[in-house]
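**Q** Sequence:
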Amino acid sequence: MDPVTALGLASNIYAFVEVGFKVVRQFKDFRRNRLDETRDNAERRIIAEQLRNVSSNLISDGPPALVALGVECKRLCDELLVILDKLSVKNPDSTRERLGVIFKSYVRSPDISSLENRLDLYRRHLVIGFLQTLRYVA
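Residues -15 to 122 in this note's numbering are what the sequence shown spells out, letter by letter.
Don't read these hints as lab results, they were simulated from the structure.
Computed from a prediction, not measured in an experiment: that's the story for all the values here.
The reader is advised that the hints may include incorrect statements.
In silico lysine to aspartate or glutamate, EDC-like type, Cα no more than 20 Å apart, as pairs [stated by the list, open to error]: (1) K74 <-> E27; (2) K88 <-> E21; (3) K88 <-> D20; (4) K88 <-> D69; (5) K70 <-> E21; (6) K70 <-> D95; (7) K88 <-> E63; (8) K70 <-> D24; (9) K58 <-> E100; (10) K6 <-> D(-14); (11) K88 <-> E100.
Quick list of the computed label-pair ranges, beta carbon to beta carbon [what the hints assert, rightly or not]: (12) D(-14) <-> R9: 32 to 40 Å; (13) L(-7) <-> S98: 29 to 37 Å; (14) R108 <-> G4: 30 to 38 Å; (15) D(-14) <-> L83: 30 to 38 Å.
We treat Cβ as the ideally placed atom computed from N, Cα and C, and that holds for glycine.
Kindly generate the complete structure, drawing on both the sequences and the hints.
**A** Below you can see the structure in the form of C-alpha cells.
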C-alpha cells in the first residue's frame, strides 16, 4: 500500500472512531437522564420557542419597521421546531429509537446549524432595530 493511500485510510478510520465516540457519549447521556431528545436539541428548542414568542409579540404590536423581521424570524423558528420535533424520542424505552434520534441529529446537524446561523442574524437585526426605535422614542 502506498503512503498516500495509507494516510487516507488512517484518516477515515480516525473520523469513524471519533464519530463513534460522540454517538456513544450522547447515547449514555440520553439514556442515563431519560431525556426525550438530546441536550443540544433541548437547548435549541428552548431558545427557538422563546424567540418565536418574541417574534409573535413583535408581529402583533411591534414597530412597523420590525414587523417584517419578526415574520421571517418566526418562520425560521417554526422551521427549526419542526425539525427538532422529528428528532425526539416517542418511546422512551426504545434503545433503537434513541440511537436513531442520535444518528438523525448528526445527519441533520448542517441543516440545524444553518437555521441557527440565520436566526442569529435575524436576532442581531432585531436588536439593532429595537435600539434604533428606543433612540427615537427617548
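**Q** If a hint holds in the structure, say so; if it doesn't, say that too.
**A** Verification of the hints:
1. K74 <-> E27: Holds, at roughly 18 Å.
2. K88 <-> E21: Since the Cα atoms of K88 and E21 sit roughly 11 Å apart, the hinted pair holds (cutoff 20 Å).
3. K88 <-> D20: Given that 20 Å is the threshold and the Cα spacing comes to 14 Å, the pair holds.
4. K88 <-> D69: holds (12 Å)
5. K70 <-> E21: The given pair, whose Cα atoms are some 10 Å apart, holds under the 20 Å limit.
6. K70 <-> D95: holds (13 Å)
7. K88 <-> E63: holds (16 Å)
8. K70 <-> D24: Judged against 20 Å, a Cα distance of about 14 Å means the pair holds.
9. K58 <-> E100: holds (13 Å)
10. K6 <-> D(-14): violated (31 Å)
11. K88 <-> E100: This hinted pair holds, its Cα atoms lying about 17 Å apart.
12. D(-14) <-> R9: 32 to 40 Å: holds (35 Å)
13. L(-7) <-> S98: 29 to 37 Å: holds (31 Å)
14. R108 <-> G4: 30 to 38 Å: holds (37 Å)
15. D(-14) <-> L83: 30 to 38 Å: holds (37 Å)
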